[in-house]
Every structure is written in C-alpha cells, then in structure tokens.
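**Q** Here the protein sequences come in this chain order: A and B. So the mapping is simple: my numbering equals the position in the first sequence, first residue as 1, plus 11. So the mapping is simple: my numbering equals the position in the second sequence, first residue as 1, plus 11.
Honestly, the hints are just simulated from the structure, not real lab data. No experiment lies behind these values; they were computed from the predicted model shown. Errors might be hidden in some of the hints.
A pair counts as met if it fits within one copy or between any two copies, since identical chains are not told apart.
Unchecked claim - Only pairs whose alpha carbons sit at most 27 Å apart, straight line, appear in this in silico DSSO-like list of lysine-lysine:
#1 327 <-> 61
#2 61 <-> 212
#3 61 <-> 264
#4 61 <-> 237
#5 61 <-> 251
#6 327 <-> 251
#7 327 <-> 212
#8 264 <-> 237
#9 251 <-> 237
#10 237 <-> 327
#11 264 <-> 327
#12 212 <-> 237
#13 212 <-> 264
Protein chains: 2
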Amino acid sequence: MIGTLKSLRPTIGVFGRRNVGKSSLVNALIGQDVSIVSAIAGTTTDPVEKAMELAPLGPVTFVDTAGVDDEGELGTLRMARTTAALERCDAAMVVVDEAGLGADEEILFAALRSHETPFFVVFGKADLAPPRDADRDRLARDGIAAVAVSAVRGEGLAALREALLAVIPDEGFETPHLLGDLIRPGGLVVLVVPIDLGAPKGRLILPQVMAIRDILDADATSVVVKERELRDTLARLGRKPDLVVCDSQVVLKAAADTPDDVPLTTFSILMARFKGDLVAFAAGAAAIDRLRPGARVLVAEACSHHALADDIGRVKIPRWLRQYAGGDLVFETVAGRDFPADLSPYALIVQCGGCMVNRKQVLLRQRRAAEQGVAMTNYGVTISRVQGVLPRALACFPAARAAFEAAAAE
Amino acid sequence: MIGTLKSLRPTIGVFGRRNVGKSSLVNALIGQDVSIVSAIAGTTTDPVEKAMELAPLGPVTFVDTAGVDDEGELGTLRMARTTAALERCDAAMVVVDEAGLGADEEILFAALRSHETPFFVVFGKADLAPPRDADRDRLARDGIAAVAVSAVRGEGLAALREALLAVIPDEGFETPHLLGDLIRPGGLVVLVVPIDLGAPKGRLILPQVMAIRDILDADATSVVVKERELRDTLARLGRKPDLVVCDSQVVLKAAADTPDDVPLTTFSILMARFKGDLVAFAAGAAAIDRLRPGARVLVAEACSHHALADDIGRVKIPRWLRQYAGGDLVFETVAGRDFPADLSPYALIVQCGGCMVNRKQVLLRQRRAAEQGVAMTNYGVTISRVQGVLPRALACFPAARAAFEAAAAE
Numbered sequence: 012m013i014g015t016l017k018s019l020r021p022t023i024g025v026f027g028r029r030n031v032g033k034s035s036l037v038n039a040l041i042g043q044d045v046s047i048v049s050a051i052a053g054t055t056t057d058p059v060e061k062a063m064e065l066a067p068l069g070p071v072t073f074v075d076t077a078g079v080d081d082e083g084e085l086g087t088l089r090m091a092r093t094t095a096a097l098e099r100c101d102a103a104m105v106v107v108d109e110a111g112l113g114a115d116e117e118i119l120f121a122a123l124r125s126h127e128t129p130f131f132v133v134f135g136k137a138d139l140a141p142p143r144d145a146d147r148d149r150l151a152r153d154g155i156a157a158v159a160v161s162a163v164r165g166e167g168l169a170a171l172r173e174a175l176l177a178v179i180p181d182e183g184f185e186t187p188h189l190l191g192d193l194i195r196p197g198g199l200v201v202l203v204v205p206i207d208l209g210a211p212k213g214r215l216i217l218p219q220v221m222a223i224r225d226i227l228d229a230d231a232t233s234v235v236v237k238e239r240e241l242r243d244t245l246a247r248l249g250r251k252p253d254l255v256v257c258d259s260q261v262v263l264k265a266a267a268d269t270p271d272d273v274p275l276t277t278f279s280i281l282m283a284r285f286k287g288d289l290v291a292f293a294a295g296a297a298a299i300d301r302l303r304p305g306a307r308v309l310v311a312e313a314c315s316h317h318a319l320a321d322d323i324g325r326v327k328i329p330r331w332l333r334q335y336a337g338g339d340l341v342f343e344t345v346a347g348r349d350f351p352a353d354l355s356p357y358a359l360i361v362q363c364g365g366c367m368v369n370r371k372q373v374l375l376r377q378r379r380a381a382e383q384g385v386a387m388t389n390y391g392v393t394i395s396r397v398q399g400v401l402p403r404a405l406a407c408f409p410a411a412r413a414a415f416e417a418a419a420a421e
Numbered sequence: 012m013i014g015t016l017k018s019l020r021p022t023i024g025v026f027g028r029r030n031v032g033k034s035s036l037v038n039a040l041i042g043q044d045v046s047i048v049s050a051i052a053g054t055t056t057d058p059v060e061k062a063m064e065l066a067p068l069g070p071v072t073f074v075d076t077a078g079v080d081d082e083g084e085l086g087t088l089r090m091a092r093t094t095a096a097l098e099r100c101d102a103a104m105v106v107v108d109e110a111g112l113g114a115d116e117e118i119l120f121a122a123l124r125s126h127e128t129p130f131f132v133v134f135g136k137a138d139l140a141p142p143r144d145a146d147r148d149r150l151a152r153d154g155i156a157a158v159a160v161s162a163v164r165g166e167g168l169a170a171l172r173e174a175l176l177a178v179i180p181d182e183g184f185e186t187p188h189l190l191g192d193l194i195r196p197g198g199l200v201v202l203v204v205p206i207d208l209g210a211p212k213g214r215l216i217l218p219q220v221m222a223i224r225d226i227l228d229a230d231a232t233s234v235v236v237k238e239r240e241l242r243d244t245l246a247r248l249g250r251k252p253d254l255v256v257c258d259s260q261v262v263l264k265a266a267a268d269t270p271d272d273v274p275l276t277t278f279s280i281l282m283a284r285f286k287g288d289l290v291a292f293a294a295g296a297a298a299i300d301r302l303r304p305g306a307r308v309l310v311a312e313a314c315s316h317h318a319l320a321d322d323i324g325r326v327k328i329p330r331w332l333r334q335y336a337g338g339d340l341v342f343e344t345v346a347g348r349d350f351p352a353d354l355s356p357y358a359l360i361v362q363c364g365g366c367m368v369n370r371k372q373v374l375l376r377q378r379r380a381a382e383q384g385v386a387m388t389n390y391g392v393t394i395s396r397v398q399g400v401l402p403r404a405l406a407c408f409p410a411a412r413a414a415f416e417a418a419a420a421e
C-alpha cells in the first residue's frame, strides 16, 4: 500500500547552508547526539542518517546533509551527495539561521520544487534573532510554511513536529498490511462475508477484497463464506484455520461458531488498525463503560454519505451507547474534514471506519484527542465492545487488548 | 446482474389502436397462433403473453395489449390493463396500420416516454400502404425508429427482429450468473489467482471479485489461492472441490495440480459465457486449427487501452496463432465500437474478454459473424485452445464442448 513513497519509512531531508545548525536541530528533535556538531562550517561532510519515532506516525529517517554552499573540490563532491539525498527524500526542511533567506535558499527551493518534494522552512536560531518580516512575506508569497525554533533552548520543537507531520506525504502514514503480517506462509484464513440487502450487487466491499488480496500476498489461502455456512465449512475444512475474520454485523454468530482456540477478529478491527492506531482505539473503547446519561459523544464521519435507515453511525451506535449509559446521551455528528479543535466537551469520540480518509488524517485526530485527554475509539472497536466480544476480537493484537484491559481497569 | 429490467426475461409491449394487426404481427414473428386474431376490432380483450426465442438474446415475452382506442365501460377496463402492461414492459413497439399516425399514437408516445420505455414504430400493413412521408418525418423529428412490415406476406420480419434487439435495454441481454448456476448450495469452489506484477496493488480484478460474490450468493464457499499454493491447498482441503477456476495465465499448472475428476475452468471462459455466447465462441475456436499462413485475423478489442509490453491481444495471441498456422498471419486490430460490417475477409475473429462492453454488444457481434459464416472466438477460449486444455476447461459446459468438438471434426 506504499504509494509513491521512496522508502519504507518516510525520509526527511535536512537542507541548508553550512553552519546554520542543521545537525543541532535534528539532535534537539531526537534528543541524542549522533552527528558531530561544531561551529566550524561544513562539519557534516556526508549525509548522515538518523532515525526517530515521530508520534503518531512511527519511525522516520532524517538525512542530515552537508551545507549547500560548500566550496572547493570537496565541496563539489558534498553538493553532489546533497543532490543525491534530495532525490530520495519524501519531504524536506530547509534550515536557516539568523542571516535569514538568501540566494542559497532560493536555489534549494527551486531544487525541491523540481523534485516535487514537499518542504517547509525552519528558522533555527530564533534565540539569536526572530524571523524577519521580509522573509516571512517571501515564504507567504509561495505558500511555504515556516516555524521558528531555538534548538539550544529547546523552544518551538512541538511546532516543528507538527510541521513535519504536515509535510510528510499521506502515504508515509500508510501501513503495508491489512492482515498479511498476522499470517504465516501456507496459512489459512476464513473470511465471513454476510450478503445482506445493503451489499453491492455482484461485488464485495473494499475491506473484503483487500483482505483476500493481502492473504494471497502473504502466500496464504483464504476461504470466503457467508455466516450461515461458517460452522459447516469449519467442520469440513480438514484443518484449523489460522484466523477467522468476520463482518462486525455477524461477530456474535461467528464467535459462537468458531472454536475458542481459533483467533477471531472483524474486518472493522483490521481496518481500525490499517487506518489508525488500534492500541489507542482499544484503550478509548474502555470509556464506553463510563458513559453516564447526559454525556456528550462526538461521532466523526469521514464522508457526508446519505444516511441509511439503520445507519451505523447515526442510529445503531447511538442506540447501543445509550443502552450502555442507561439513559440518553447528547450526540453530535461531524462529517468530512470538520473535526473540532476543542475536544474537551466530549466524554467520548467515535471515529467512523474511515474508508474514505487516509491513515494520516485518522492518526492526527487520535493524537489531538490524546493531547486533550479525551477518549477516542472507532466504529469497529465500538461494535465489538458493545457486543461483548472485544477481548476475543483483539486476541491477535496483544498490545491493543492490553491497552483496553488496562484502561477498563482504571 | 439484472439491472433495472422489470422481469427476468425482457418484456416487450405491443401497443396500438384496435385492429391494426398487433396480434397478427406477433404471431408472424413467433410463427404460431396464440392470440385470437380477427378483423373485429378489439378481439384481444386482456393483455396476452407470448414467449419466443429472439436470437441471439434468448427468450423474450411479448405482451399483446388491447387496443388503446377501446370504447365504453369494457374499453375503460381494457385501457387500465393496457396501462398496467405498459408499466411492466422493458421495451415497446407501437403498431400502426395503413391509416398511419394519429392522435392515439401521440398519446401512446407520450405515455411510453413518461414511463421511460424505449420503443419503435411498426408500420404493420406495408402490403396495403407504405408509410407516408409525413409520418416518417414526424418520427424522424423525435428520433423514433420505424420498420415497415407485412405480416400477411411475412415481409420485413428480419428488420423487425433487428429493431427489437436494438430497442431492448442492454441489461436485457445480461445473464444472472458468472458461475453460481454451476454450484450446489454448500459447495466448494477453488479460485486460483496469480499475483503478478500486473495485478493492481491491494486489489483483485473484477472477474475474481464477481466470482467470489456469485459463489456466496449460491450459498457456497470459495477458497482463494495463488497457483503456487494450489496443490498443497487441494491436498489439505478435507474434501474435493466442486470446481476449480483459474486465471488463464496459469491454466497449464492448475490443470496439472488439479485431480482429473475435479472440473476445471478459467475466469476467462466464465467471462466469455457471461459476456457472450460461449457455445458459439467454442465452435469458433476450432478455426484456429485451420489457420494457414497469410490468413487474415481480426482482433476486436472493446476498449482502446494502452497496450502493455506483453499485451494479450497485440502480442501473445498473435504469437500463439502464428505458431498454430506455421507461418505469418495478417492481424488487424479494431478497438472500441469499431467492428466491421463486412467480416468476409477474415478467417477468424478473436474478441477480447469484453470487460468494458456489455453482453448485448458481444452477442450482436457474434450474430453478425454467424450470419456471414465467419468463425469468431474470444481471448479466454483461444488461450485454453492454444494451451491444449480447451476440452477440459469446457467440461462443465457440455454444449460448448460439443460445439467445439463438432466444429473441430468438420
């Protein structure tokens, strides 16, 4: 599922003139000293790679380059290496010091644009001098984002992380597997696909197709069956499957028909992991038990779809949650990209399956909720929770199961 | 797969004033006398249904209605029934006699338009009087097709059949099953899906998805496996599958790995049946053996796709057919809706899989080839033929297999 990303983890180039503090900036972000940092211009002779965990994205690699204004024969070699680094970057930051923007930066901007590499500018020595208005205007003219940071004082690092997350292409947030990583080669997965009136004629829905494909890619076999035929199919299968994946709608029946020693999960939970942070969603589901009448619940739908009569987000989930709360709740629904900045009024946020959003959007929403201390879960996790099968449905995701149980025990 | 069609077989309403010869016309088409036909106006009191085989479409139902100008209390009742007939028709013909078009026909045209029912006009007594210029002009103004027929002399019936085929909506030509009709409830079908570089990332191709869905709709189970895992999966399956369906690319390996007593076919052959007349395609494949160097072969592609390096229609099939002919052949390729009227220069026509065309288009092309006595087959049938596995791949389609063997023995 990695689109145009050049490496398996996003690679972020750190560009700028010599001695503007590129290495210090990366080290301040990472909190460790990997490069040789000195005040002698051009210390970083070759591009140096450094990795860090950039929550909520995961690991990213910084390529800390030599200064673009390197001079002499060695400088030419360094420049060639810098250009090579540019070619494998998924995103970039251009670091400037108190001298501000000049001809070297314009050359970098042009090079980054010609490589179609998204980038932003870091004013890295904000302690020495704040960015000049002329520089801010010049960036605004081309819509180039900028942050002011003091690496030595450790100021502005949160804004820098935000800018990094914003600039990394969406596919940098993608995970390559829906479930392929759960299966051994030669394994067998049973997929339980109910065919109801809502099923598209002659088709399967996307998570089902993605699952079958991912199982093939994992050199494994899938068995596709309706819920009515599950018990009989399992009995006649000749061997125990490695995993049963069912539609959330039929999770109770599937759980009843699947032997206890066979791992079982739902397409919705697989999609919750694929499109977001399942561990955080699982922990968030514990808040369902703490809902009290009158609590506010935010239902976040990714698309403004035509609501069906028995709509999952508008009808079913509110009904289940009211039953859990033992009284009425205040539901607010947002659709599309409308996601409130202030989440503090809500006792719980329930995000939709997110088939129409990318993982980056969901992860950033989850991060915002975490920063504000608001519980956030999603449709798939909620359905398994209210049906009483969440621990079983999370059995193949031990970290998520542990997070749910820890949060529920609070 | 039946779209908006109101019945499982297309229903064609026969409308017109009393005594214009509606019943005689239908009887002339069908060649049998079902209605009471008389010269007393209004003999057909209730809509009468008559079925016929309309090649290459298959069975259609005519609803022969009472005259629209019926008078009196009984006439009102008849009119109501005529309106009810109109509501369930998929297409209609408006029959006029030597009196030509008048106010009653205009009322019918308006009613048919308001029901969005496609229709055409039949001048049914062309022996008494040819259509008037004023009437032809009036129809041309609204783009209404018309044919002149003499039911009593049996003239114009071929043109009438053409007009009928043209007016029946595309989905009237659809067949409801890709393979569901081949499987018993509780049955097991193994689908062999190779994942090569051409496979769309994270997806399956449409015939594969359609097959899985159709198997679910048939209350059966599918096992989806790559060709490499087929032998092992079959060995560990616990029971013999009812059918193995493989991608044409791997039919030799799949045939080798599947026990002889298990029916085997290809997705391409299923699609050939779904999108056309498999029996005729199978008979057409016998002409491959009779190709001689210098023969002209027409390759008909439904879409003007970007040809791949190892394109099936442009590269692979020509290569195989040259090998069969033992010398060079003259290939002509047509794309999209360009299909020659004169097919006589060709020793063979090879139609593409037709994923982008509807069954109606393919059936009409097959009919044209049959009328001109030119052999026509398709990609999927050709691939199995040149791989030497066609009889086996047609084992579950006895009529097609017999047609191939009869044509090959000629």
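**Q** For every hint, state whether the structure bears it out.
**A** These are the hints, each one checked on the structure:
no. : hint        : result
1   : 327 <-> 61  : neither (47 Å within a copy, 49 Å between copies)
2   : 61 <-> 212  : neither (50 Å within a copy, 30 Å between copies)
3   : 61 <-> 264  : neither (49 Å within a copy, 47 Å between copies)
4   : 61 <-> 237  : neither (49 Å within a copy, 39 Å between copies)
5   : 61 <-> 251  : neither (44 Å within a copy, 55 Å between copies)
6   : 327 <-> 251 : neither (34 Å within a copy, 42 Å between copies)
7   : 327 <-> 212 : within (24 Å within a copy, 33 Å between copies)
8   : 264 <-> 237 : within (11 Å within a copy, 30 Å between copies)
9   : 251 <-> 237 : both (18 Å within a copy, 20 Å between copies)
10  : 237 <-> 327 : within (22 Å within a copy, 39 Å between copies)
11  : 264 <-> 327 : within (18 Å within a copy, 48 Å between copies)
12  : 212 <-> 237 : both (15 Å within a copy, 26 Å between copies)
13  : 212 <-> 264 : within (24 Å within a copy, 32 Å between copies)
This entry does not satisfy hints 1, 2, 3, 4, 5 and 6, going by the numbered hints stated previously.
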